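Q: Here are the chains, one letter per residue:
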Amino acid sequence: MHNFPRPQIIKASVTLKEFLNPRVLKLNFTYTNTDEIVFLPGQFVSIKVAESKYRSYSICSSPIDTKNLSIVAAVTHDGIGANYLRSLDLRDQVEMIGPSGRFVLPQQLENDLFFVATGTGIAPFMPMLEQLNLMSSNFTIKLLFGVRDENELFFMEELKALATRFPNFECFVCFSQNIPDKFEGNEKVLAKKGRVTEYIDYQTEGSQYFLCGNRFMIEEVMNKLTSNGVDSTRVYHEKF
Amino acid sequence: MQEQTRLVKSIFVNPSKCIGAATCLAMAPKAFDLNKEGISEVLPTYLENSDDELIRAAKGCPSHAIVLLGQDNKEIPLD
Numbered sequence: 001m002h003n004f005p006r007p008q009i010i011k012a013s014v015t016l017k018e019f020l021n022p023r024v025l026k027l028n029f030t031y032t033n034t035d036e037i038v039f040l041p042g043q044f045v046s047i048k049v050a051e052s053k054y055r056s057y058s059i060c061s062s063p064i065d066t067k068n069l070s071i072v073a074a075v076t077h078d079g080i081g082a083n084y085l086r087s088l089d090l091r092d093q094v095e096m097i098g099p100s101g102r103f104v105l106p107q108q109l110e111n112d113l114f115f116v117a118t119g120t121g122i123a124p125f126m127p128m129l130e131q132l133n134l135m136s137s138n139f140t141i142k143l144l145f146g147v148r149d150e151n152e153l154f155f156m157e158e159l160k161a162l163a164t165r166f167p168n169f170e171c172f173v174c175f176s177q178n179i180p181d182k183f184e185g186n187e188k189v190l191a192k193k194g195r196v197t198e199y200i201d202y203q204t205e206g207s208q209y210f211l212c213g214n215r216f217m218i219e220e221v222m223n224k225l226t227s228n229g230v231d232s233t234r235v236y237h238e239k240f
Numbered sequence: 241m242q243e244q245t246r247l248v249k250s251i252f253v254n255p256s257k258c259i260g261a262a263t264c265l266a267m268a269p270k271a272f273d274l275n276k277e278g279i280s281e282v283l284p285t286y287l288e289n290s291d292d293e294l295i296r297a298a299k300g301c302p303s304h305a306i307v308l309l310g311q312d313n314k315e316i317p318l319d
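As given, the protein sequences belong to chains X and G, one line each in that order.
Numbering-wise (this note's numbering), the first sequence opens with residue 1 and increments by one.
Numbering-wise (this note's numbering), the second sequence opens with residue 241 and increments by one.
By construction, these hints were calculated from the structure, which means they are not laboratory data.
Please read all numbers here as calculations on a predicted model, not as lab measurements.
Glycine included, C-beta positions come from ideal geometry on N, C-alpha and C.
There may be inaccurate statements among the hints.
[What the hints assert, rightly or not] Once the Cα atoms are required to be at most 20 Å apart in a straight line, the calculated PhoX-like pairs of lysine-lysine come out as:
id : chain 1 : residue 1 : chain 2 : residue 2
1  : X       : K26       : X       : K160
2  : X       : K160      : X       : K188
3  : G       : K257      : G       : K299
4  : G       : K314      : G       : K249
5  : X       : K239      : X       : K48
6  : X       : K182      : X       : K193
7  : G       : K257      : X       : K239
8  : X       : K67       : X       : K11
9  : X       : K239      : G       : K299
10 : X       : K11       : X       : K48
11 : X       : K142      : X       : K224
12 : X       : K53       : X       : K11
13 : X       : K53       : G       : K257
14 : G       : K299      : X       : K48
15 : G       : K276      : X       : K239
16 : G       : K299      : X       : K53
[Unchecked claim] Facing chain X, a subset of chain G residues (Cβ under 8 Å, in silico):
id : residue
17 : G260
18 : A262
19 : P302
20 : S303
Same shape as in the complex, but just chain G (with noise of 0.2 Å):
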């Protein structure tokens, strides 16, 4: 039920954008984490972050790797 109210519905994180900056992980500590490569992944807690916490994540990044998808699969805009 909670689920269906959420905005984001996804989240993906371009490898070749990604600076391994880490600004996401302290922005949602559930939702990222740095791979063995320093890259940025999406951690399958991420729904224990809220969408304010995932959207300043995903605005946050230096490099603009991150996109997040609505329930309608579609792209929400950051800005």
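Isolated chain X, as found in the complex (with noise of 0.2 Å):
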């Protein structure tokens, strides 16, 4: 059983802002009311966006940073979260919730793991994928990662970085529009025409699968992968 982090509330400086493609944007904290925030690869912050309104948004940076925290989002859309997130400038104060949520690593990996993100789905498997490398294992580790098109890359560099020093972690990038006639990634960072749910593989035999994105491709991809003998005991989802 994880000991999971009893969720508090987070008051924190805004440290970066950056956007990270057209649509992305990255922003870090740093904690103001605590020394340090321990949480699980994979758990999300609840970021108070206006009085009595909260929006939810995963961790992506690493577990081992106790005094900051980042958080990727789509920002391009007139929502209360966007355009709060939007509204932020350097060192402007913010209020959160967390560290919340179930959607972890087992304790113990006994098997193979697949990833399968759209978008900003990729955040909590960044962490993820920290973990896992420093974890050693034997296992498989296998990204989808779901884009239109270039446009809409980011963390290609942390992508292939990770695969550079993570001998079992292989990562495709695949574009159900375009795909670019030069992609930079490197032999374990590739790029594959389509969407996500052409290219997962179907392993009955013990194997986990974590998704997070866009709600449409969770569903079809639960629904591919138990009409394939996937137990759905195996298959997580972050609900938001």
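With the hints as a guide, dock the two chains, each given alone in a separate frame, to form the complex.
A: Rendered as structure tokens:
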């Protein structure tokens, strides 16, 4: 059983605001009301975006860094969370509650793991992959990362660096609309034409599947996995 | 006597909607706690939080999982 940290009120200041592509904003926060926060990779925080209004965002930064956390969010639409995050400036104070959630890795790795993400759904997988790298297991870790075209790419340098130092990790970036003529990947971060659902391995013996992103993708992948003999108890997905 | 003046009579958390964000615990700590699955549940001491605190907790839930019922057993509108 994981020892889940109890969620708490966190006050933090914005220390970085950076667009990773035309849609996706990355924000870093440093805690101001506590020295450190310990979270499990995959957990999220809920940021106060208006009076009595919270929006939840997966933590995408390393669990080793207990002084800061980072999130990514698609912010080009007109939504209460997107508008708030876009309005933030460096050194602004924010309030959040967390770390929360049970979408975390198994305590002991006993089989291959498959991660399937679309867009900013990749966020919880970044700290998970960091942790898996430190666990030094022999199991295969495969990430399918779905985007429409190269304008939606982000975290490519991080994924390539991870693939370089993490021998059992491979990543397929799936372009559902236009695959770029020149893809800046490496031998383990490869471009594929099509949707993530076309590249799923159906392993019925013990492998675990983690899904995060577009809810239609999650429903489709879950249906495909279970109809191909994968036990639904081995499929996990983030609920927001 | 005090309970008759309360707006909120009872609270329900929809477990299939709850994501375990725990915003409700922060806003109404006598009314909510997380169970062992990480899902919010209503505590028997919920009336120790004020109506205002309970309404803020319900409004603040990022997954809209909290339903408040009034003395007439009808859902209290949150917006």
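Q: If a hint holds in the structure, say so; if it doesn't, say that too.
A: For each hint, the structure was consulted:
1. Restraint check for X/K26 and X/K160: the C-alpha separation of about 19 Å stays at or below 20 Å, so the hint holds.
2. With a C-alpha separation of about 8 Å, the suggested pair X/K160 and X/K188 falls inside the 20 Å cut-off, and the hint holds.
3. Our distance criterion of 20 Å between C-alpha atoms is met by G/K257 and G/K299, whose separation comes to about 14 Å.
4. Taking the CA atoms of G/K314 and G/K249, the gap is about 10 Å. The hint holds against a cut of 20 Å.
5. Straight-line distance between C-alpha atoms of X/K239 and X/K48 comes to about 19 Å, which keeps the hinted pair within the 20 Å bound.
6. For a cut-off of 20 Å, the pair hint linking X/K182 to X/K193 stands: about 13 Å separates their Cα positions.
7. Between the alpha carbons of G/K257 and X/K239 the distance comes to roughly 8 Å, so the proposed pair stays at or under 20 Å and holds.
8. For the hint pairing X/K67 with X/K11, the CA-to-CA distance comes to about 12 Å; that is within 20 Å, so the pair holds.
9. Only pairs whose Cα atoms come within 20 Å are accepted, and X/K239 paired with G/K299 is accepted, the gap being roughly 19 Å.
10. For the suggested pair X/K11 and X/K48, the alpha carbons sit about 10 Å apart, so the restraint of at most 20 Å is met.
11. Restraint check for X/K142 and X/K224: satisfied, since their Cα atoms lie roughly 17 Å apart, inside the 20 Å limit.
12. Taken as a hint, the X/K53 and X/K11 pair is honoured in the structure, with Cα atoms around 16 Å apart against an allowance of 20 Å.
13. Annotation: proposed proximity of X/K53 to G/K257 holds, straight-line Cα distance about 16 Å (limit 20 Å).
14. About 12 Å separates the Cα atoms of G/K299 and X/K48, which keeps this hinted pair within 20 Å; it holds.
15. The suggested pairing of G/K276 with X/K239 holds, with an alpha-carbon distance near 17 Å, which does not exceed 20 Å.
16. For the proposed pair G/K299 and X/K53, the alpha carbon gap of about 7 Å is at most 20 Å, so the pair holds.
17. The interface hint given for G/G260 holds, since its Cβ lies 5 Å from the closest Cβ of chain X, which is under the 8 Å cut-off.
18. Look at G/A262: its Cβ gets to within about 4 Å of chain X, closer than 8 Å, so that hint holds up.
19. For G/P302, the shortest C-beta to C-beta distance to chain X is roughly 5 Å, which falls under 8 Å, so the interface hint holds.
20. With a cut of 8 Å, the hint placing G/S303 at the interface with chain X holds, because the nearest CB-to-CB distance is about 6 Å.
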